[in-house]
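Keeping their order, the protein sequence lines are chains A and B.
Numbering of the first sequence is given in our numbering, commencing with residue 1 and proceeding in unit increments.
Numbering of the second sequence is given in our numbering, commencing with residue 1 and proceeding in unit increments.
Any given hint could turn out to be false.
Pairs count within a copy or across copies, as identical chains cannot be separated in the list.
Stated by the list, open to error - With a straight-line cut-off of 27 Å between C-alpha atoms, the simulated DSSO-like cross-links for lysine-lysine are:
#, residue 1, residue 2
1, K38, K155
2, K159, K59
3, K159, K38
4, K170, K38
To be clear, the hints were calculated from the coordinates, so they are not data collected in a lab.
2 protein chains.
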Amino acid sequence: MTKPIPDIVVGRLPIYLRALSFLAAEGTQVTSSHDLGKRLGISAAQIRKDLSFFGEFGKQGTGYNVGYLREQLLRILKVDREWPIALIGVGDLGRALAHYGGFVDRGFRIVALFDSDPTKIGQRLGDLEIMSMDRLAEVVRERGIQMAMIAVPAKAAQKVAEACVAAGVKAILNYAPITLKVPEGALVQHTDPVTHLQRMTYYL
Amino acid sequence: MTKPIPDIVVGRLPIYLRALSFLAAEGTQVTSSHDLGKRLGISAAQIRKDLSFFGEFGKQGTGYNVGYLREQLLRILKVDREWPIALIGVGDLGRALAHYGGFVDRGFRIVALFDSDPTKIGQRLGDLEIMSMDRLAEVVRERGIQMAMIAVPAKAAQKVAEACVAAGVKAILNYAPITLKVPEGALVQHTDPVTHLQRMTYYL
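The shape of chain A in the complex, shown without the other chains (with noise of 0.2 Å):
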């Protein structure tokens, strides 16, 4: 039997893969724990233990293959592919979002855009169109959406996650400035700018 990894290792995978895509997009072809700690803000010895639960990938003293360890990255975090995903408010944010350039090539696209406001839906944002709610689990099940990003205010993202999680959604990447309660196997992930900010108050 594997041990499960800690989800807290699972969540410096993204912050390595992003660090080697840049390494890669420099034209940097090795890199060292040691390198990748310093510009990360991670020690050394706590990178070679997070990627030592998924295999071996670099000798000592010779460092790691940044093209190599970013695909083995690319395969441990399942964006080899691209996950369509429906976003949940077509407001600021949800515009911001919908024009975002980071998906690119990163193993996500999104693919439906939904709102509550009549005088937003049938409207169309680039390639898409703005469908009411009312076609949230349709769209899912007949497009294989396994992921959501809700951008509706706070008063109406439970309702909405609630929705998602109803309609088939597995996993859901939160804006709104609350915390969302999904039943038992459904993920969540919230982002906000304040636990960024606090970060950085610490130190000044």
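With the hints as your guide, set chain B onto chain A.
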């Protein structure tokens, strides 16, 4: 001499604070490392260890007083005050941040808006006027601003970050999908929906 606290520990404190604020708002008065850990997907032992860097906050078997621990974390993270923030880039995302309800009572207030688009400069957004980037240094100095949020396109972000640091900004929260290089001594945090999404695909 006090040992420096590992940055990874500092990074978890805002998450604990967020959970404690949620509990306090619910009216919960006592919690435990076990309860917090279950809520956050972090082991109880890790939470106890993290908090022990900063003092004794609970007694064996009686748990933590939510209000007291919350106040201590506010103090440790220096968000028992209000930090003025400059927001640079008033596109869709900048507007969403300017309207974001989650800053209130959590230590931050956006006090100045900047954009490089001449058609936006002079316009108002809520109580604030959108200003030219030329005024950044002057405004940062006059208002004692130490923090900035960057919500400009990727290709403009590095120059904007450099202008911020030159103006006296000490800490940057970057929304542009590139990794910024800042001089030694300046802090930068990247917020990126993809790292959150990738943390969930691992489990799908």
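Going through the hints against the structure:
Only between protomers do K38 and K155 lie at most 27 Å apart by alpha-carbon distance; the minimum there is 24 Å, versus 41 Å within a single protomer. Taking the closest pair of Cα atoms, K159 and K59 never come within 27 Å of each other, the shortest separation being 50 Å inside a single copy and 38 Å across copies. Taking CA atoms no more than 27 Å apart as the test, K159 paired with K38 passes between copies only; the shortest distance there is 23 Å, against 42 Å inside one copy. Taking the closest pair of Cα atoms, K170 and K38 come within 27 Å of each other only across two copies (19 Å); inside a single copy the shortest separation is 35 Å, beyond that limit.
Hint check: a violation occurs at hint 2 only; the rest are consistent with the structure.
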